[in-house]
Amino acid sequence: MKLLEAISTIAGKYFAVWVILTSTFAFMVPGPFLGLGNYITILLGVVMFGMGLTLKAVDFKIIFTKPLPVIIGVCAQFVIMPFVAFAIAKLMNLPAELAAGLVLLGSVPGGTSSNVMVYLAKGNVPLSIAMTSVSTLLAPIITPLLLLLLADQWMPVDAVAMFMSIVQVIIVPIILGLVVKKFFPVAVKKSLAVLPLISVAAIITIVAAVVSGNAATIAGSGLLIFTSVMLHNGFGLLLGYFTGKVLGQDEVNRRAIAIEVGMQNSGLGVALATAHFGPLAALPSVLAAAWHNISGPILATYWAKKPVINRDEKTAVPPVGVKL
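First residue of the sequence shown? That's 1 in our numbering, and the numbers climb one at a time after it.
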């Protein structure tokens, strides 16, 4: 078990490296990975089941004790990211499927690896966890509506079908994780240290599936897609921070809001794009899976070296598991 824990720690620590290596290999040798596309939804369900196993009642305490930062952060998440994605898609004149995929990436909830980044950045970890949880629970309603509003001009959007997909791959696995944790707490506690390994394995398998299936397209327009994803992430981090600043949040909350807004649940983006728009639309989310886990640590390292002024929130231990 200790060996698995050690491997799990390494898997989580170098997550971005594994994503990049897997993407490169799947791009160069796509054949072995072509059959994995049928398992994307199941793999994402495994990741979200792990999220359910790690959620605690204390994670939601801040929602009731200090709701304003959570409301600001979640609203910024679902306003800044989809509309920035829409603007980038228009300005860069992206092909229809890629434009819809970028808007989809902007419309999904925050990724839970952001919780670790906030911890490293000396941000408000309880706020980060609450934002991730709330945005995830709101996603079945808000994500389809945003896509209907912003992406329907490029690709037909079936909001009801997308609602059902999000419930199946996000809400149901999380509830199952909570139920298992309730009835088997000892077994769950023993398994928590291995969750990063399971999560990383699931995500890199999803990445391999999509990259291998779109190797030719990536070769032709990879730079355009990657530039779009980098701009989207950069504006999300920047505008998230200044939204907190303009609305009177202190530095510790601004850092949490910035990272939460800028980092998306790219795994959900891949699953929804593949199911509802086509494999090409999944590419922005695939590239985001790698880039968000490069830009996040860079920003976290920068902030970790800068003192936090007027900090009145306590940070928590880093969350268990690396999930996107």
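Watch out, some of these pointers could steer you wrong.
[Claimed, not checked] Pairwise CB distance ranges (calculated):
1) 227 / 152: 37 to 43 Å
2) 95 / 183: 44 to 50 Å
3) 172 / 219: 35 to 41 Å
4) 307 / 28: 28 to 34 Å
Hints were generated in silico from the structure; no laboratory data involved. Built from N, CA and C at the ideal position, the CB exists for glycine as well.
Requested in this report: Just pull the numbers of the violated hints for me, sorted ascending.
Outcome: 1, 4
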